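Novice: So you can see what is in the structure, the chains are spelled out below.
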Amino acid sequence: MREMIKMVVVLTVLSCFSGGLLAYIRNGTQERIDNQVLEFVKGPAVRTIFEGASNNPITDRFTIKDGDAERTFFVGVFNGEPRGVAFETFGKGYGGDVGLMVGIDVKENKLLGVGVTTHGETPGMGAKAKSDPAFVAQYKGLSIEKPIKVTQDGGSINAISGATITSRAVSAATTEAGEIYQRLKPQVEDQIKQAIK
Amino acid sequence: MAKSLAQEFVKGLWDEVPPFRLVLGLCPVLAVTKSVENGWGMGIATTFVLVCSNVLVSCLRKVIPPKVRIACYIVIIATFVTVVELAMQAFAYPLFLKLGIFIPLIVVNCIVLGRAEAFASKNGVFRSLLDGLGIGIGFTLSLMALAAVRELLGTGSLTFWVTPIQIFGPSFQPFTFMIEAPGAFMALGLMLCLMNLAGNK
Chain R
1 MREMIKMVVV
11 LTVLSCFSGG
21 LLAYIRNGTQ
31 ERIDNQVLEF
41 VKGPAVRTIF
51 EGASNNPITD
61 RFTIKDGDAE
71 RTFFVGVFNG
81 EPRGVAFETF
91 GKGYGGDVGL
101 MVGIDVKENK
111 LLGVGVTTHG
121 ETPGMGAKAK
131 SDPAFVAQYK
141 GLSIEKPIKV
151 TQDGGSINAI
161 SGATITSRAV
171 SAATTEAGEI
181 YQRLKPQVED
191 QIKQAIK
Chain L
1 MAKSLAQEFV
11 KGLWDEVPPF
21 RLVLGLCPVL
31 AVTKSVENGW
41 GMGIATTFVL
51 VCSNVLVSCL
61 RKVIPPKVRI
71 ACYIVIIATF
81 VTVVELAMQA
91 FAYPLFLKLG
101 IFIPLIVVNC
111 IVLGRAEAFA
121 SKNGVFRSLL
131 DGLGIGIGFT
141 LSLMALAAVR
151 ELLGTGSLTF
161 WVTPIQIFGP
171 SFQPFTFMIE
181 APGAFMALGL
191 MLCLMNLAGN
201 K
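Going line by line, the protein sequences match chains R and L. If you count the first sequence from 1, position 165 lands on 165 in the working numbering, and the numbers rise without skipping. If you count the second sequence from 1, position 111 lands on 111 in the working numbering, and the numbers rise without skipping.
Since the hints were derived computationally from the structure, they do not count as laboratory data. Just so it is clear, the structure is predicted and the values come from calculations on it, not from any experiment. Note that the Cβ used here is the ideal one computed from N, Cα and C, for glycine as well. Incorrect hints may have been included.
[Stated by the list, open to error] Within a straight-line C-alpha distance of at most 25 Å, the following computed BS3-like cross-link-like pairs (lysine-lysine) qualify: (1) K67/L to K3/L; (2) K149/R to K193/R; (3) K67/L to K6/R; (4) K107/R to K146/R; (5) K122/L to K6/R; (6) K3/L to K98/L; (7) K6/R to K62/L; (8) K62/L to K122/L; (9) K149/R to K92/R.
[Claimed, not checked] Some chain L residues close to chain R (C-beta under 7 Å, calculated; not the full set): (10) F9; (11) P65; (12) I70; (13) A90.
[As the list claims (entries may be wrong)] Here are some chain R residues pointing at chain L (derived, C-beta under 8 Å): (14) M1; (15) R2; (16) E3; (17) V10; (18) L11; (19) S15; (20) L22; (21) Y24; (22) T29; (23) R32; (24) Q36; (25) L38; (26) I58; (27) I64; (28) K149; (29) V150.
Assemble the whole structure, with the sequences as input and the hints as a guide.
Specialist: This is how it looks when you write it as structure tokens:
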């Protein structure tokens with residue numbers, strides 16, 4: 001009986017101690033880990049969109065509750081004033097969701113640029129949406145107030161040859177980003193003022 | 001046959017070097033040795049866990065009841081592995097992306113549990129520390145050696161930190177087989193063979 005109690009006590013104490021230690025370390029590193037994940041997963045796309053920004057868009061970010069979802073916005077500062085926000089939307093691609101970082105010029109309601117973050121598209125075909133800068137460059141400067149479409153659907157974007165579905169996914173994600181931005185605009189502007197002092 | 005403290009440390013570097021002499025912990029050895037960078041990353045992570053778990057197991061060796069010792073060791077090891085995982089995510093995220101699943105798998109690495117059970121539970125704290133350090137460094141060096149052979153033949157370059165350094169000129173035709181999984185077995189087998197040849201005095 002004594003042995004039994006000892007076994008239970010030792011294991012319990014050990015587990016409690018271990019749980020406490022891990023919780024403490026987790027708390028301590030949480031923020032850094034979040035930053036690192038953003039830096040390496042979303043960072044490349046955000047940095048391309050905000051090329052030449054004077055701040056670090058990865059750390060200058062805020063979140064806004066949009067229905068059930070929480071959206072993270074990155075802010076780009078040019079010439080001392082916040083010019084753009086970037087956030088991620090998803091389009092239905094050929095191999096699952098295509099994640100798209102969409103940068104919007106807050107003054108002129110135009111696209112600053114877009115960049116694919118995550119995708120499962122076919123290498124050499126749809127994957128060009130990420131690897132070929134010429135494709136996403138077409139979105140630069142387009143207005144977010146009307147839907148963006150590929151030429152096959154009567155729009156202005158030349159689809160990647162052999163990857164119309166992917167091109168449509170990117171266009172749909174951009175259009176959706178425009179709608180979300182217009183819906184959340186008051187909150188976004190509010191938050192930008194708080195984020196950049 | 002008590003060994004001197006120095007011997008406890010040195011034995012891990014050659015006489016009992018884990019992948020080649022003990023032939024333990026082969027899963028990470030085969031899987032992550034695609035580049036020297038991965039090799040030392042994994043090696044240092046394992047060394048940290050090995051040293052910490054050895055010390056703690058040795059401290060608690062009189063308290064831990066024999067019947068639940070394995071469970072206690074696993075709790076201790078798993079705690080330190082999680083610490084390493086969090087630290088790596090926070091400070092070396094690109095390395096974490098490459099090593100990925102193999103970091104949590106250190107928990108079931110038989111070297112770590114093996115040293116806890118076979119050494120730390122029977123020896124003093126300082127000896128256990130030296131043992132963990134020796135075995136850990138031996139493991140790191142073995143991983144780096146194996147990774148260097150594979151990477152050099154497989155890509156013609158060596159990666160110590162982020163950027164590969166070209167060793168052979170551009171005319172070198174990479175022997176890509178070496179960085180695939182079967183190449184790992186071949187390289188390990190050949191290195192084991194060389195180690196045994198060198199060890200047979």
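Novice: For each hint, tell me whether it holds in the structure or not.
Specialist: Verification of the hints:
For a cut-off of 25 Å, the pair hint linking K67/L to K3/L is broken: about 29 Å separates their Cα positions. For the given pair, K149/R sits about 33 Å from K193/R by alpha-carbon distance, which is inconsistent with the 25 Å threshold. A C-alpha spacing of about 11 Å is found between K67/L and K6/R, which places the hinted pair at or below 25 Å, so the restraint holds. Between K107/R and K146/R, the direct Cα distance comes to roughly 17 Å. Compliance with the 25 Å bound is thereby established for this hinted pair.
Taking the CA atoms of K122/L and K6/R, the gap is about 20 Å. The hint holds against a cut of 25 Å. Restraint check for K3/L and K98/L: the C-alpha separation of about 39 Å exceeds 25 Å, so the hint is violated. Using a Cα cut-off of 25 Å, the hinted pair K6/R and K62/L holds, with the two alpha carbons roughly 12 Å apart. Between the alpha carbons of K62/L and K122/L the distance comes to roughly 9 Å, so the proposed pair stays at or under 25 Å and holds.
Simply put, K149/R and K92/R have alpha-carbon atoms about 14 Å apart, close enough for the 25 Å limit, and the pair holds. For F9/L, the interface hint is violated, since its Cβ never comes within 7 Å of a Cβ in chain R; the closest pair sits about 28 Å apart. Taking 7 Å as the C-beta contact cut-off toward chain R, the hint placing P65/L at the interface holds, the least distance being around 5 Å. Given hint, I70/L at the interface with chain R, is violated; its Cβ is 11 Å from that chain's nearest Cβ, farther than 7 Å.
A hinted interface residue such as A90/L counts as satisfied when its beta carbon comes closer than 7 Å to some beta carbon of chain R; here the least separation is about 4 Å, so the hint holds. Here the hint on M1/R is broken, as its CB sits about 13 Å from the closest CB of chain L, past 8 Å. A distance limit of 8 Å between C-beta atoms decides the matter here; for R2/R the minimum to chain L is near 10 Å, and the interface restraint is violated. A least Cβ separation of about 6 Å between E3/R and chain L falls short of the 8 Å threshold, and the interface hint therefore holds.
For the restraint placing V10/R at the interface with chain L, the shortest Cβ-Cβ distance is roughly 6 Å, inside the 8 Å limit, so the hint holds. A cut of 8 Å between beta carbons decides the hint on L11/R: the least distance to chain L is about 6 Å, and the hint holds. The criterion of a C-beta within 8 Å of any C-beta in chain L is met by S15/R, whose closest approach is roughly 6 Å, and the hint holds. Satisfaction of the interface hint for L22/R is found here, the shortest Cβ-Cβ separation to chain L being roughly 5 Å, below the 8 Å cut-off.
Look at Y24/R: its Cβ only gets to about 10 Å from chain L, farther than 8 Å, so that hint breaks. A hinted interface residue such as T29/R counts as satisfied when its beta carbon comes closer than 8 Å to some beta carbon of chain L; here the least separation is about 4 Å, so the hint holds. At its closest, the beta carbon of R32/R sits 4 Å from a beta carbon of chain L; the interface hint therefore holds under the 8 Å criterion. Interface restraint check for Q36/R: the shortest CB-CB distance to chain L comes to about 4 Å, inside 8 Å, so the restraint holds.
The interface hint given for L38/R is violated, since its Cβ lies 10 Å from the closest Cβ of chain L, which is over the 8 Å cut-off. Because the beta carbon of I58/R sits about 12 Å from the nearest beta carbon in chain L, more than 8 Å, this interface hint is broken. Restraint check, I64/R versus chain L: the minimum CB separation of about 26 Å is more than 8 Å; hint violated. This hint is violated: K149/R has a C-beta 35 Å from the nearest C-beta of chain L, more than the 8 Å allowed.
A hinted interface residue such as V150/R counts as satisfied when its beta carbon comes closer than 8 Å to some beta carbon of chain L; here the least separation is about 33 Å, so the hint is violated.
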